[in-house]
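Student: With the sequences and hints as input, model every part of the structure.
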Amino acid sequence: MAAEASTGMNERVIRVRLKRQDGPDARPRWESFDVPVGTGSNVTSVLQWICAHPVTVEGKNTTPPVYDSGCLEEVCGSCTMVVNGRVRQACSALIDHYCPKDGDELTLEPMTKFPVVRDLSVDRSRLFSNLERMRAWVPVDGTYDLGAGPEETPEAQQTRYVLSTCMSCGCCLEACPQYTLETDEEAWDRAFVGAAVISQARYFNMHETGSSLKKVRLTELSGPGGVSDCGNAQNCVNVCPKEIPLTESIAAIGRQVTAHNIRQFFSGD
Amino acid sequence: MERHHFLLRRLHSLTGIVPIGLFLVMHLTTNSTILWGAFNTRIDGEGFDRRVGTFQKEVEFINELPLLLLIEITLWGAIAFHSVLGVYYATSGKGNTGAYRYQSNLRYSLQRWTGYLGFLFIVYHIATLRWGWSFLVPGGTEWSHHFAASTLAAALRGGDEGFTALGVAVSLFYFLGVTALVFHFANGLWTAAITWGLTVTVTAQKRWGYACTAIGAGLMVAGWASVVGFAALDPAEARQVEMSLHGEVPTDGGEAEARSMDVSSRGGDTIEHSGGQH
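Those sequence lines, one after another, are chains A and B. The C-terminal position of the first sequence is numbered 706 in the numbering used here, with every residue numbered one higher than the one before it. The C-terminal position of the second sequence is numbered 315 in the numbering used here, with every residue numbered one higher than the one before it.
Derived DSS-like pairs: lysine-lysine, alpha-carbon spacing no greater than 27 Å straight-line:
id : chain 1 : residue 1 : chain 2 : residue 2
1  : A       : K679      : B       : K131
2  : A       : K456      : A       : K538
3  : B       : K131      : B       : K243
4  : A       : K456      : A       : K497
5  : A       : K651      : A       : K679
6  : A       : K456      : B       : K131
7  : B       : K243      : A       : K679
8  : A       : K497      : A       : K538
It should be emphasised that the hints constitute simulated quantities derived from the structure, not laboratory data.
Tutor: Now the structure itself:
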């Protein structure tokens with residue numbers, strides 16, 4: 438049924454290698470599928486077809502592979518996976534780009550920096566836990582009306598808008614050599630937070646109301662797992678699907694953290 | 038360790054620039070006199086190789102510095118601190134240049150590998166030439182600041198007479214070690230500016246990148262000039278020059294220096310010959 442999502446032009450069959458894992462502790466294994474595709478097919482539509490026809494190339498019946506997807510337009514980040522060795526969103530990964538010819542091969546794997554739930558679905562709780570750790574919000578809850586929000590200059594708005602487009606997909610973390618798999622939840626408060634979270638700290642530090650938590654954020658970012666753990670490989674900015682200037686965010690937070698610690702050294706609080 | 042996470046990280050960054058990086062600049066500038074010393078017209082060049090003479094004078098100047106041992110211990114301490122923490126930090130990451138072939142990612146991995154190689158080189162370099170572990174030097178040469186160029190050349194070549202196989206290996210190790218350290222310093226300067234928050238925008242990072250490339254290229258030339266200059270130097274000829282600087286060269290073949298004169302009779306001739314010209 439999903440194969441009809443293609444336009445019917447340039448019909449061909451591609452070989453899809455899928456890394457499968459039945460559960461968090463199960464051993465991963467590989468399965469291959471021959472999938473009919475056409476112009477306009479993408480990785481998500483390929484996965485839909487496999488789910489409807491879960492038979493491997495050897496003719497073996499298998500379970501439909503588990504994968505996440507949501508918006509189908511590269512704004513929710515849920516379908517992030519490793520396509521042909523590189524992390525990206527499945528929905529925007531066009532088959533015409535990866536497999537232009539009949540018989541071309543496509544390799545799909547789950548992200549490696551987060552624990553696998555099943556097949557291509559991973560648990561990105563650590564990312565959200567680190568956003569909480571960084572107070573990535575504007576504190577407005579209270580017992581009285583805070584009134585109108587602060588005015589914002591167009592310049593600051595320009596900078597902040599791009600930062601606000603982060604969808605917490607985890608591409609920057611998957612590609613980062615300093616961000617490694619950490620399954621122990623207890624260790625999340627000391628492990629590297631990664632580019633996305635650092636960029637969100639910058640985003641909320643720039644907000645007039647949000648900046649009331651700036652000191653807390655910068656203290657957190659000075660500690661273990663903070664901005665100093667960045668190794669400047671700059672893969673994050675190269676793989677970010679939203680083209681967020683993540684390395685500028687890291688440097689900007691580096692500057693804030695430098696000033697914060699010098700100030701703290703002399704003021705003592 | 039966790040309590041002083043920020044301080045340790047920033048000290049690690051700082052020590053790479055001061056004192057280690059600063060020393061590297063001075064060290065390579067001094068050592069490259071073994072080539073550009075030929076143009077040093079301010080040294081009394083009558084009757085000897087100006088390169089060896091300039092280098093010898095530089096070494097003597099350094100050896101007359103007050104509190105030299107304190108400077109040395111500061112450097113050794115800084116290098117030990119930077120290295121131990123560096124290895125600890127480096128092992129916390131996992132390179133992925135196979136999947137993500139970006140230039141900055143290659144430099145990330147190179148920064149770590151040049152750190153390891155550079156550290157091994159520095160240990161060998163200091164141990165053999167400063168601490169006198171001459172059993173690690175092929176040919177067993179012990180470096181002396183009185184005969185700075187000749188003993189260094191002998192240590193690099195594996196002895197006083199021509200290259201030995203092990204001498205080639207030592208020279209190659211020096212070449213690789215110096216190359217690694219210069220890269221490590223130049224790239225470290227670039228990343229330090231991001232770490233400290235000096236270069237925030239991509240434009241600024243690019244600009245500083247050009248500056249670091251220029252600094253790195255200049256230092257690389259100085260580093261390679263040093264290694265090539267000393268490896269290509271005839272120890273026996275250099276020794277003649279050094280002895281004449283110390284006023285030890287016998288005018289007509291004294292007994293004490295007979296052996297050295299024999300080894301390098303050609304060098305002795307040159308001295309007499311060019312001496313006669315002036």
